[in-house]
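Chains as they are written, first to last, in my numbering: chain X, -14 to 83; chain B, 8 to 508.
Check before you lean on any hint, since a few could be wrong.
List time: in silico DMTMM-like cross-link candidates among lysine to aspartate or glutamate, alpha-carbon distance up to 25 Å [what the hints assert, rightly or not]: (1) LYS429/B x GLU9/X; (2) LYS429/B x ASP15/X; (3) LYS278/B x GLU29/X; (4) LYS278/B x GLU316/B; (5) LYS429/B x GLU29/X; (6) LYS73/B x GLU121/B.
Stretches of chain X that chain B covers, calculated by requiring three or more beta carbons in the stretch to come under 8 Å of a beta carbon on chain B [said to hold, decoys possible]: (7) -7 to 5; (8) 24 to 36; (9) 52 to 65.
Derived from the structure by calculation, the hints contain no laboratory data.
A virtual CB, placed ideally from N, CA and C, is assigned to each residue, including glycine.
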Amino acid sequence: MTSITREEVEHLARLARLQLSEDEVAHYADQLDVILQSVARVSEVAGEDIPPTSHPIPVVNVFRDDVARPGLDRDAVQAGAPAWQDDRFRVPRILDEE
Amino acid sequence: MSQMDGDLVRQDAVTLAAAMAAGEVSSEEVTRAHLDRIAAVDERVHAFLHVLTDEALESARAVDRKRASGAPMGPLAGVPLALKDVLTMTGVPTTCGSRVLEGWRPPYDSTVVERLRGSDIVILGKTNMDEFAMGSSTEHSAYGPTRNPWDLERIPGGSGGGSSAALAAFEAPLAIGTDTGGSIRQPAAVTGTVGVKPTYGGVSRYGLVALASSLDQPGPCARTVLDAALLHEVIAGHDPRDTTSIQAPVPDVVAAARQADVRGMRIGLVKELGGDGYQSGVSQRFAESVEILTGLGAEVVEVSCPNFEYALAAYYLILPSEASSNLARFDGMRFGLREGDDGSRSVEEVMALTREAGFGPEVKRRIMLGTYALSSGYYDAYYGSAQKVRTLITRDFAAAFEQVDVLISPTAPTTAFRIGEKVDDPISMYLNDIATIPVNLAGNAAMSLPAGLAPEDGLPVGLQIMAPPMKDDRLYLVGGALEAALADRWGHLLIEEAPQL
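Produce the complete structure using the sequences and hints provided.
Structure representation (structure tokens):
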């Protein structure tokens, strides 16, 4: 539970796909450090014998009959898309240049 | 219209519904009165991000026609409602208070909206909120803050500050909120209104834009306990489109609100949710309510929930972890904002630019916090430990509910603070939710209702009632009784003292 550096913030931002500015990196490094120090105390009471809870109610698989249902209206989906071409979502290139 | 003429917006939902059922007023008139009120005051309050003027009037006229045809009508038919902008409604902008969804019109209705429509409730518009429901003040909305109708320089709570302000400004008699760590209850507390977080799984999350899926829960907001119960009944119940939806009958909340009786009930004061750190007027009004409940025939005892002091820390690990994962969908590919797509940049660069431009500071903070907590090497110490604390808190609740029927505490440690006071101080902002968070972690039900005005600042104080899972009706038994006793003492409901604007 050491303090968080600017390099770590930059790494987190890359993982989270956030193109942070220099100022933001500095600001968040300070703030994340304070927050992490205050939340780290969860480990004080988290003993080995305590099972984790991921969900407030027991989660079970839910099945339904395999019956076809209409999907979303394509025109409405297209209207909300940032770019559309040839009846498909148009996306930027997915491969790096090198 | 008789005695209600000109005063429609000050009536509660039950009164409006009865007047419409008796033919004294039409839904169109009621809806128009609220739209006029919005037009008159919302420039100052900013509760709404989007007002559905024509659509609401059209829905109201349809309800009036249905009623005229002699069709059976639900108990809230024709009553207007304000909808938090985190629930989808076909063709109506749904921004979640974020630039990343500006202009997006969802192609489907959330289950909550479907049920509101099915009960002939008239939706007036979408209300402001902290971006993706991350906040306790509505200052983190990309579209500017909402103001508290009790004092326009102060926050209306958050994340559902638009919904709470709409109620307190008499812009709507009913509203929908969502509560992940207190986003229904804390706004209710600071605006002198009523808000309920149902048992997790009690109200469908289908069409609710997810913040933290294991914590999020939609719920009713109103100015009276009975109005909240009627709305609760409309939106609750099993939904096959939400895999966490509980397959069991909805607790009879309306009967409980009408019964409003605490005689013979055992009520627990949570020792850890009080004392130092709570504003004096908050503690004073809370103590008075405890006395009233005792006078009404409840047995009040102190109960200890020792692990609650770790709840805030656990929450600020679990929530960012789930949020960082849920918000990965905002990548600029299929809907919403896309930034920097100049034909040369790669998809990853465009994603990073889009998210940088589209998300505000609190969202970025929490995404990075969650990314950190989930990263290898830190997972066990942070996220893993937080999940264990969650177990401990659930056990604390279970042990407490073996001794008492409900638990009570102040809803929030302070009254409404000034806009700007805590906006860049995450830790002090997070402390607003210290009393509301344990319930979300354990998944049980809770309500906030007005307990009076703090003498030092004249601002509303909220009292929180917590019930075991699927015992939501107990909230209304206690809330209804306390509300009636306080109204008896004051000669009116607290909300009557809200400024006229």
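Are any of the numbered hints broken by this structure? If so, which, sorted upward?
Hint check: 5 fails alone, others pass.
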